Structures are given as C-alpha cells and as structure tokens.
Amino acid sequence: MTELLSDTGRETMLAPLFEAGWKMVEGRDAITKTYEFANFVEAFGFMTRAALWAEKWDHHPEWFNVYKTVEVTLSTHDVGGLSSLDAKLARKMDQLAG
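For my numbering, count along the sequence shown from 1 and bump the result up by 4.
Treat the hints with caution; some may be incorrect.
[Said to hold, decoys possible] Below, a list of computed lysine to aspartate or glutamate pairs in the DMTMM-like style, where the Cα atoms sit at most 25 Å apart:
{"no.": "1", "residue 1": "Lys-96", "residue 2": "Glu-75"}
{"no.": "2", "residue 1": "Lys-27", "residue 2": "Glu-75"}
{"no.": "3", "residue 1": "Lys-92", "residue 2": "Glu-59"}
{"no.": "4", "residue 1": "Lys-96", "residue 2": "Glu-66"}
{"no.": "5", "residue 1": "Lys-72", "residue 2": "Asp-11"}
{"no.": "6", "residue 1": "Lys-27", "residue 2": "Asp-98"}
{"no.": "7", "residue 1": "Lys-27", "residue 2": "Asp-62"}
{"no.": "8", "residue 1": "Lys-92", "residue 2": "Asp-33"}
{"no.": "9", "residue 1": "Lys-72", "residue 2": "Glu-23"}
{"no.": "10", "residue 1": "Lys-27", "residue 2": "Asp-82"}
{"no.": "11", "residue 1": "Lys-92", "residue 2": "Glu-7"}
{"no.": "12", "residue 1": "Lys-96", "residue 2": "Glu-40"}
{"no.": "13", "residue 1": "Lys-27", "residue 2": "Glu-46"}
{"no.": "14", "residue 1": "Lys-96", "residue 2": "Glu-46"}
{"no.": "15", "residue 1": "Lys-72", "residue 2": "Glu-46"}
{"no.": "16", "residue 1": "Lys-72", "residue 2": "Glu-59"}
{"no.": "17", "residue 1": "Lys-92", "residue 2": "Glu-15"}
{"no.": "18", "residue 1": "Lys-60", "residue 2": "Asp-82"}
{"no.": "19", "residue 1": "Lys-27", "residue 2": "Glu-59"}
{"no.": "20", "residue 1": "Lys-72", "residue 2": "Glu-15"}
{"no.": "21", "residue 1": "Lys-60", "residue 2": "Asp-33"}
{"no.": "22", "residue 1": "Lys-96", "residue 2": "Asp-11"}
{"no.": "23", "residue 1": "Lys-96", "residue 2": "Glu-30"}
{"no.": "24", "residue 1": "Lys-37", "residue 2": "Asp-62"}
{"no.": "25", "residue 1": "Lys-60", "residue 2": "Glu-30"}
{"no.": "26", "residue 1": "Lys-27", "residue 2": "Glu-66"}
{"no.": "27", "residue 1": "Lys-92", "residue 2": "Glu-23"}
{"no.": "28", "residue 1": "Lys-92", "residue 2": "Asp-82"}
{"no.": "29", "residue 1": "Lys-72", "residue 2": "Asp-98"}
{"no.": "30", "residue 1": "Lys-92", "residue 2": "Glu-75"}
{"no.": "31", "residue 1": "Lys-27", "residue 2": "Glu-15"}
{"no.": "32", "residue 1": "Lys-96", "residue 2": "Glu-15"}
{"no.": "33", "residue 1": "Lys-92", "residue 2": "Glu-66"}
{"no.": "34", "residue 1": "Lys-96", "residue 2": "Asp-82"}
{"no.": "35", "residue 1": "Lys-27", "residue 2": "Glu-40"}
{"no.": "36", "residue 1": "Lys-96", "residue 2": "Asp-62"}
{"no.": "37", "residue 1": "Lys-72", "residue 2": "Asp-82"}
Everything labelled a hint here was simulated from the structure, so no lab data went into it. Treat the numbers as computed from the prediction; the structure is a model and nothing was measured.
Full structure from sequences and hints, please.
Written out as structure tokens, the structure is:
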C-alpha cells in the first residue's frame with residue numbers, strides 16, 4: 005500500500021527533484037514543474053509517453069497543456085499528499101522530457 009513520504013523519504017526523494025526544477029505547490033502537499041518544448045507536437049509526444057507510464061503504474065498526473073508548454077502537478081490523492089509514486093513519476097517525466 006502507498007503511504008505518505010516520511011521526513012527521511014522527503015529528504016532523499018525530493019531533494020534531487022528540487023535540484024531538477026520541481027517545486028512544492030503552495031498550500032498543498034504536492035510538487036509541480038513546467039516543461040517547455042520546441043512545439044506542440046513535442047509537448048504532446050511527451051504527454052503521450054508519460055501517460056503510458058502513468059497508466060502502467062496506476063498513478064496519474066494533474067497536468068495542463070497549452071501549445072508547447074506542459075504544467076504538471078503530482079500528489080497521491082489516496083494518501084492525501086506526496087508518496088514515493090510521485091517521486092517515481094517525476095523522475096520518469098524528467099527522463100522522458102530529455
């Protein structure tokens with residue numbers, strides 16, 4: 005079962021994400037990042053690749069796309085905040101964005 009990240013888990017799992025541009029969402033136990041691509045096709049391709057992993061892991065992002073920009077917010081609704089699934093999906097999204 006998925007659980008909220010412990011203080012130790014937050015330090016070890018979130019610190020590298022913050023260095024990669026992820027930020028805490030004000031007023032929520034969630035992280036967010038904005039990706040910018042060369043054009044709409046690249047942005048949509050990223051979303052498609054990320055969607056396949058999200059579905060495989062049964063962990064779906066909140067996201068918003070306008071033209072070449074994709075804004076992502078991750079939080080585990082089942083536990084009411086950040087879990088290891090959020091860190092895992094964030095790392096995968098960074099990898100997919102290249």
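### Message
Holds or violated: Lys-72 and Asp-11, Cα atoms, limit 25 Å.
### Response
Not satisfied, since the Cα-Cα distance of roughly 35 Å exceeds 25 Å.
### Task
Take a quick look at whether Lys-27 and Glu-46 sit within 25 Å of each other, Cα to Cα.
holds (23 Å)
### 25 Å Cα cutoff - pair Lys-96, Glu-75
Status holds; Cα separation ~15 Å.
#### Entry: Agreement of Lys-72 and Glu-23 with the hint, judged by alpha carbon distance not exceeding 25 Å
Given pair Lys-72, Glu-23 holds - Cα atoms ~23 Å apart, limit 25 Å.
### Query
Can the restraint linking Lys-92 and Glu-66 be considered satisfied, given a maximum Cα separation of 25 Å?
Given that 25 Å is the threshold and the Cα spacing comes to 15 Å, the pair holds.
### Task
Verify the proposed pairing of Lys-92 with Glu-23, using a straight-line Cα cut of 25 Å.
holds (15 Å)
### Task
Assess, step by step, whether the Cα of Lys-27 is no farther than 25 Å from the Cα of Glu-40, and give holds or violated.
Answer holds: Lys-27 to Glu-40 is near 16 Å, not above 25 Å.
#### Entry: Pair hint Lys-27 and Glu-59, alpha-carbon separation not exceeding 25 Å
Cα-Cα ~24 Å, so holds.
### Query
Would the pair Lys-27 and Asp-62 pass a check requiring their Cα atoms to be no farther apart than 25 Å?
holds (23 Å)
### Query
Would the pair Lys-60 and Glu-30 pass a check requiring their Cα atoms to be no farther apart than 25 Å?
Given pair Lys-60, Glu-30 is violated - Cα atoms ~29 Å apart, limit 25 Å.
### Query
Given the proposed pairing of Lys-96 with Asp-11, does the C-alpha separation stay at or below 25 Å?
holds (22 Å)
#### Entry: Given hint Glu-59 paired with Lys-92 - CA-CA distance at most 25 Å
Answer holds: Lys-92 to Glu-59 is near 13 Å, not above 25 Å.
Hint compliance for this structure: hints 5, 20, 25 and 37 are not met, and every other hint is.
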